[in-house]
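Per my numbering, residue 7 is the first one in the sequence shown, and the count goes up by one each step.
If you are wondering where the hints come from, they were derived from the structure by calculation, not from laboratory data.
Note that this is a predicted model, so its numbers are computed, not measured.
Where hints are given, some of them may not hold.
[What the hints assert, rightly or not] Subject to a maximum C-alpha distance of 30 angstroms in a straight line, what follows is the list of computed BS3-like cross-link-like pairs (lysine-lysine): (1) Lys267 <-> Lys279; (2) Lys59 <-> Lys117; (3) Lys249 <-> Lys157; (4) Lys59 <-> Lys157; (5) Lys267 <-> Lys332; (6) Lys267 <-> Lys249; (7) Lys249 <-> Lys279; (8) Lys157 <-> Lys67; (9) Lys67 <-> Lys117; (10) Lys117 <-> Lys249; (11) Lys249 <-> Lys323.
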Amino acid sequence: MQWFVHVFQQYPELAIFLTLALGFAIGPLKIGKFSLGTVTAVLLVGVLIGQMKIDISPNVKSVFFLMFLFAVGYSVGPQFFRGLKKDGIPQMVFAAVVCVLCLVFPWICGKVMGYNAGQTAGLLAGAQTISAVIGVASDTINQLGITQEAKTNMINAIPVCYAVTYLFGTAGSAWFLASVGPRLLGGIATVRQKSKELEASMGSGDESGEPGMMPANPVISYRAFQIDNDWFSNGRTVQEVEKYLQDNNRRLFVERVRVGKQITDLQPGTVVKRGDELVLSGRRDAFAGESHLLGPEVVDDELLHFPAEVLPVLVSKKGVGGMMVKALRQQDY
């Protein structure tokens with residue numbers, strides 16, 4: 007056993023990657039309905055392997071910590087700023103209240119339990135799942151006017167306390183919000199009713215967005231037609247077809263074209279003529295009575311089998327704010 011510990015002490019990088027490997031292997035495992043999750047599993051495995059008294063270079067700690075913060079910020083940052091644009095003031099007030107409470111309660115617990123600064127910082131970081139506290143607390147402790155040994159003991163206690171309390175910070179919070187929180191708000195039935203009312207006020211009150219459900223009347227439709235109109239006798243480009251439809255109060259867009267027996271790559275200058283097939287997309291009401299403009303609708307599984315991309319659009323141009331959708335459609339973007 008000693009040689010095993012000695013290898014990790016001599017080559018700490020092996021301990022790091024072993025921690026990651028075991029954490030990723032254990033995290034997805036379930037006991038009944040409970041699972042640790044990858045992050046919690048890696049932290050707990052790190053606590054166990056850390057009992058071998060493995061010294062990790064401060065530079066390595068900083069690099070991995072910065073990588074972790076970058077990953078979190080990269081995934082959460084855009085959502086945060088989008089949220090501020092919608093209802094910024096309430097969000098800022100709520101964030102300020104949460105920050106104060108998250109700092110005060112761990113400090114009180116640390117005082118009552120007799121924890122030192124490192125243990126209290128680990129409690130704060132893990133219970134609130136705020137990883138940035140680790141780096142900030144370590145730098146602050148290094149600036150204290152105490153012995154180097156006391157600093158080292160405090161700093162080493164931070165990740166241990168963080169890993170232990172992180173479990174409750176995640177699983178405990180989920181349990182509290184799912185079980186205790188609804189009771190404080192009048193019971194689960196009341197919370198469900200209020201949630202439905204809120205969803206309805208935000209335009210998503212139906213169950214079509216639930217897992218296993220889909221809207222029976224989708225807003226956007228995709229349909230295939232065989233061109234059989236004299237207007238196409240001499241051939242028309244895709245751009246001309248879309249303008250032709252819009253001039254007839256049909257805001258539809260050409261998505262795919264079958265020329266002869268081959269489905270071709272679509273370009274604005276692609277020419278279609280009588281006998282060809284094309285796929286149109288648009289709102290369902292725009293398809294009402296349009297067959298005389300093109301030709302009969304056809305069932306073509308191959309032509310209609312293609313992925314449709316959903317893209318969120320952020321309005322950032324000042325002149326667009328407050329403009330009606332009808333006016334937006336007439337803009338040249």
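* What hints, given by number in increasing order, does this structure fail? -> Per hint list: 3, 5, 10 violated.
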